[in-house]
Amino acid sequence: MSERKSVLSKIDKTTALLYLLLVLFGWISIYASVYNDEHRYIFDFTQRYGKQMIWIIIALILILFIFTIQSNVYAQLSYVIYGISIFTLLIVLAFAKEVNGARAWLEFGSIKIQPSEFTKFAAILAFSRFVSQERYKVKHIKDQIFATLLLLLPFALIILQKDTGSALVYVAFIFPFFREGMPGIYLFLFFLAIFLFIVSFFYGLETIFVVLFAATLLFYALNTKKYKETILGLFVFLGIGTLFIMIDMFFSIKIPQLTIIVSSIILTVSIFFAVQFGKKAYVYNVLSAVLIGAIVYTFSINYIFNDILEQHQRTRINVFLGVKEDNRGVGYNVNQSKIAIGSGGFTGKGFLQGTQTKLDFVPEQDTDFIFCTVGEEWGFVGTFTVVAMFIGLIIRIVFLAERQRSAFSRIYGYSLASILFIHFAVNIGMTIGLAPVIGIPLPFFSYGGSSLWAFTVMLFVFLRLDVSRNETF
Amino acid sequence: MNIRKYIIIGIFLFVALALIVKLFYIQVTDSSYKLSAENNAFRRLTQFPARGMIFDRNGKLLVLNDASYDLKYVPNQSTPFDTTALCKILRLSLKEFRLILSTAKKTQYQAATVSKQMSKADYALLQESMYKFPGFYVETRTLRTYPDVTAAHLLGYVGEINKAEIKDDIYYQQGDYVGISGIERSYEKYLRGKKGIKIQVVDVFNEVKGSYKDGKFDTAAVVGKNITTTLDAELQKYGELLMSNKMGAIVALEPETGEILVLISSPTYDPNLFVGQKRSENFKILASDPTKPLFNRALKALYPPGSTSKPANALIALQEGVITTNSVFISNFGYNAGSHFVKDHVGGAVNFTRAIQSSSNAYFCYVFKAILTDHKFITVEERYDNWREHLHKFGLGVKLGTDLSFEKKGLVYPSSYFDRAYGFGKWNYNTIISMSIGQGELGFTPLQIANMTAALANRGYYITPHIVKAITDEQIDPKFTQKHYVGIDAHYFPPVIDAMQLVIEAGTATIARVEGMAICGKTGTAQNPHGEDHSIFIAFAPKENPQIAIAVYIENAGFGSTWAAPIASLMIEKYLTGKITRQWLEDRMVNGSIPIPQEKKQKN
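As they're listed, the protein sequences go chains A and B. Here the first sequence stands for residues 1 to 473, numbered as in the working numbering. Here the second sequence stands for residues 1 to 604, numbered as in the working numbering.
Just so you know, the hints here were simulated from the structure itself, not pulled from any lab data. Using N, Cα and C, we set each Cβ at its ideal position, and we do this for glycine too. Keep in mind that a hint or two might mislead.
Said to hold, decoys possible - The calculated DSS-like cross-link candidates involving lysine-lysine, where the alpha carbons are at most 30 Å apart (straight line), are: (1) A:349 x B:34; (2) A:142 x B:5; (3) B:300 x B:72; (4) A:51 x B:209.
To be verified - Which residues of chain B face chain A? A partial, calculated answer using Cβ under 7 Å: (5) 3; (6) 5; (7) 9; (8) 12; (9) 16; (10) 21; (11) 22; (12) 23; (13) 27; (14) 28; (15) 33; (16) 166; (17) 167; (18) 411; (19) 414.
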């Protein structure tokens with residue numbers, strides 16, 4: 001007992017306090033979104049706020065339990081826990097009934113559990129364990145592939161449950177990967193891919209490719225300081241382009257502009273590749289690969305969007321990107337959510353005074369769209385506070401991760417911070433139209449035991465590791 | 001290694017900042033979301049007040065309210081229902097009904113009106129099966145009823161407001177009813193009362209969750225104010241009866257107060273036609289009627305005054321000192337105006353009294369000549385404009401400023417008009433001699449002529465004619481007690497008025513004589529390019545302390561003495577004694593009908 005007490009007393013106070021504040025604010029928001037004249041008694045366990053109170057109490061008990069366990073257990077058991085978790089996902093796939101289009105829930109009588117919430121914890125453990133091994137080397141392609149497969153397995157199983165939102169969270173692992181030495185180019189390519197995806201809906205391919213080519217030239221010039229060569233490249237490109245246009249005019253065959261641009265780019269790159277063949281031209285090779293890759297990628301987005309996706313999926317993407325308005329259909333949720341948050345103004349309508357959330361205009365108001373209640377009743381002051389608390393918690397975890405001696409704890413901390421970050425950014429982002437509507441909960445806020453416990457366990461296991469950061473195992 | 005930590009933190013912070021900026025934008029900068037939120041959650045129900053009632057001078061109810069029912073439809077509250085049954089109750093074809101519904105469906109959450117102004121009977125029928133039609137509800141409103149079927153032009157009517165008027169006055173919303181003409185229009189602000197508002201809180205299913213903040217922000221509707229008019233409904237109805245099958249106008253005033261006793265434009269119509277579901281149909285029929293029943297002749301028709309302008313011209317000449325009551329002019333059964341000859345049925349030496357009594361055209365040509373050759377002024381233009389100024393003082397050719405809308409100004413050109421037409425200095429009294437006998441370039445409304453008569457009765461002043469006697473809890477406009485002096489000294493009146501009495505006793509209108517009653521009058525016959533002459537008569541009675549001044553216009557009815565004078569006389573008798581002694585005359589007037597003129601060639 002006394003040992004547990006001493007371990008508890010060493011807990012990182014800032015993180016624990018932020019956790020408690022977020023959980024409390026979350027419960028208040030659930031109370032406010034469910035509250036009506038018939039149900040105002042806070043210990044009414046038939047209501048969701050009453051149930052959430054029970055989940056919170058259980059979460060606090062879980063914290064005490066976590067702190068009684070030795071810290072080295074987690075690293076040792078990580079593969080076991082991972083295995084159990086994957087097995088559970090398979091069971092879900094085999095037996096779960098469909099709820100809201102997804103087959104993600106296991107039912108035991110009246111209790112429903114969403115195992116994919118806990119799979120995150122298992123994935124963090126396994127990932128941290130694998131990457132923290134002495135023999136793990138970033139340069140070993142095999143290691144990279146294996147680490148990726150560790151994550152792809154739960155990702156694929158969750159996709160099969162038709163719970164795309166929960167699956168996309170695994171993208172978060174790109175940050176610990178990066179932290180542990182993954183070449184920066186991958187992170188760059190990741191953001192470039194997102195960027196190109198969005199941009200391709202607003203600009204013509206011609207414009208995008210010309211800009212990409214110009215950016216590549218500029219980057220090459222700045223990086224290698226070979227200005228003459230760069231300018232030569234530009235002239236070769238323009239020369240080939242002019243040649244194409246002249247042929248076009250002479251024979252009047254009407255070559256599409258896009259063909260001219262793409263052909264000119266590829267010919268220019270090929271000519272230079274041929275000239276430099278055999279020489280050491282690392283920067284050049286990478287850059288031209290990225291350029292060609294980006295062109296191919298952008299073409300494939302276009303192809304997938306226009307020829308493979310179904311109409312409703314196209315609509316969904318268009319609405320999210322703001323290309324199209326559809327406030328009655330696909331865009332209804334986001335529009336109502338923006339109205340609720342926007343109507344809060346600077347200081348909000350006051351506790352329990354929200355009309356949009358209480359009158360059910362906002363869908364999923366106590367789970368995925370819980371942030372609306374905050375926005376409507378507490379205004380910008382409230383939303384700013386919540387955003388600040390979350391980002392404070394996440395950055396605090398990053399700092400704690402950096403002070404760990406063991407690689408396992410450090411990677412665990414980064415993974416945790418990144419997963420929290422994705423949940424936080426996507427959930428709040430979707431309520432205000434900055435992110436697509438993929439149903440993932442706001443950690444500690446959204447109603448639901450599975451999510452609350454999973455995040456609590458993930459966070460406090462890390463805090464337990466942090467307490468023992470000076471022990472070696 | 002450390003740089004990577006900062007890159008990651010940098011990305012995290014950048015995203016958090018983006019969230020905060022966007023939150024600040026939608027919560028603080030952009031206010032449109034607040035409005036959307038209110039539209040979402042609050043349903044503002046307008047409480048329509050009952051319109052004020054309208055009474056005649058004796059307290060008789062002229063306009064009152066009756067309940068009416070509008071059927072409303074909220075598309076997103078509706079589920080499939082028995083369309084045929086509803087169509088049957090509403091008496092609509094399926095095609096019409098579908099059209100209405102598809103228009104209504106443009107706004108899913110807002111109520112659209114499916115059927116307006118349903119009768120009580122239809123409503124009762126609908127009420128029984130209302131439960132079968134989800135998404136429909138009935139809004140109660142009030143409709144005007146006119147129990148007496150009289151004074152349609154004067155009372156006016158109420159109709160749906162148009163878009164331009166909504167822009168002018170924020171009080172109104174689309175679908176509101178507003179006074180379109182008559183008293184309903186000019187006293188709209190008093191009659192309409194004040195709309196109330198009831199704010200209901202509704203949830204996403206449009207289910208009412210109760211009133212907002214226990215009705216703290218609700219306001220009750222305030223009933224419109226009642227108006228007592230100066231109208232004598234009995235006399236008005238009698239006048240309308242006398243005007244059966246005739247076109248024209250009658251305006252009667254109480255000289256001392258300027259109160260409008262009667263204002264008839266004939267033909268008239270049943271004001272109840274403009275109420276209920278058939279109103280637009282009825283409106284079309286009335287609007288295309290060649291006798292123009294919708295045209296308020298009493299206020300808007302410009303008629304030449306004819307000989308009824310002679311007393312006023314006599315007074316102007318006396319005031320200007322260009323003639324005296326001893327002036328005698330020679331008529332050779334007419335007046336030779338150079339290029340043309342003004343005929344006169346009186347010949348020989350005509351004195352002042354006989355000129356009015358027998359309506360001598362030649363005498364008044366000389367009077368006009370005297371006015372336009374007055375030595376006080378240098379040019380004919382100045383003399384003419386001075387005469388015109390006198391007419392204005394009699395309320396002729398200017399807007400009187402009554403409390404009835406659409407009053408016409410009348411027509412009497414300034415001298416510059418004749419300068420343009422004939423050239424400066426190239427015209428004189430003879431050029432425009434027809435104006436001396438109320439013909440030519442003159443046009444006044446029956447109201448203006450009645451008002452001029454009231455000024456004669458008052459021996460020198462009038463009070464702006466008005467229709468409102470009292471409004472509940474309000475003062476009537478003080479301008480309706482102000483005397484407007486016509487600029488003629490009082491001592492010039494007795495000889496003119498004596499002569500006007502002789503018109504009835506032994507002049508051109510002996511038919512208008514009523515035993516034991518001192519009536520003063522003047523006949524007029526106005527030439528009219530479109531057909532027979534208009535028959536005109538003005539009169540006031542009793543001679544001393546006059547109670548009524550009246551002007552009667554009958555279109556295309558010939559001499560003033562044949563139709564207008566008897567009608568005026570019957571009206572006066574009815575008003576002053578309450579009974580009619582000459583039943584034969586009444587019968588002749590009621591049964592007589594003047595045919596509508598076919599568009600004839602202009603006869604000169």
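A quick look at each hint next to the structure:
For the given pair, residue 349 (chain A) sits about 11 Å from residue 34 (chain B) by alpha-carbon distance, which is consistent with the 30 Å threshold. Between residue 142 (chain A) and residue 5 (chain B) the alpha-carbon distance is near 25 Å, which keeps this suggested pair within the 30 Å criterion. For the hint linking residue 300 (chain B) to residue 72 (chain B), the alpha-carbon distance of about 40 Å lies beyond 30 Å, and the restraint is violated. For the hint linking residue 51 (chain A) to residue 209 (chain B), the alpha-carbon distance of about 26 Å falls within 30 Å, and the restraint holds.
Nearest Cβ of chain A to the Cβ of residue 3 (chain B): about 9 Å, over the 7 Å cut. The hint is violated. Satisfaction of the interface hint for residue 5 (chain B) is found here, the shortest Cβ-Cβ separation to chain A being roughly 6 Å, below the 7 Å cut-off. Because the smallest distance between the Cβ of residue 9 (chain B) and any Cβ of chain A comes to about 6 Å, under 7 Å, the interface hint for this residue holds. Residue-level restraint check for residue 12 (chain B) holds (minimum Cβ-Cβ distance to chain A is 6 Å; threshold 7 Å).
A hinted interface residue such as residue 16 (chain B) counts as satisfied when its beta carbon comes closer than 7 Å to some beta carbon of chain A; here the least separation is about 4 Å, so the hint holds. Violation of the interface hint for residue 21 (chain B) is found here, the shortest Cβ-Cβ separation to chain A being roughly 10 Å, above the 7 Å cut-off. The beta carbon of residue 22 (chain B) comes within 5 Å of a beta carbon in chain A, closer than 7 Å, and the hint placing it at the interface holds. A cut of 7 Å between beta carbons decides the hint on residue 23 (chain B): the least distance to chain A is about 5 Å, and the hint holds.
Because the closest C-beta pair between residue 27 (chain B) and chain A is about 4 Å apart, less than 7 Å, the hint holds. Taking 7 Å as the C-beta cut-off, the interface hint given for residue 28 (chain B) holds, the closest approach to chain A being about 5 Å. For residue 33 (chain B), the shortest C-beta to C-beta distance to chain A is roughly 3 Å, which falls under 7 Å, so the interface hint holds. Taken as an interface hint, residue 166 (chain B) does not check out: its beta carbon lies about 27 Å from the nearest beta carbon of chain A, beyond 7 Å.
Interface hint status for residue 167 (chain B): violated, as the beta-carbon distance to the closest one in chain A is roughly 28 Å, over 7 Å. Among the interface hints, the one on residue 411 (chain B) is violated; its C-beta lies about 59 Å from the nearest C-beta in chain A, farther than the 7 Å criterion. Here the hint on residue 414 (chain B) is broken, as its CB sits about 62 Å from the closest CB of chain A, past 7 Å.
Of the numbered hints stated above, those contradicted by the structure are hints 3, 5, 10, 16, 17, 18, 19, listed in ascending order.
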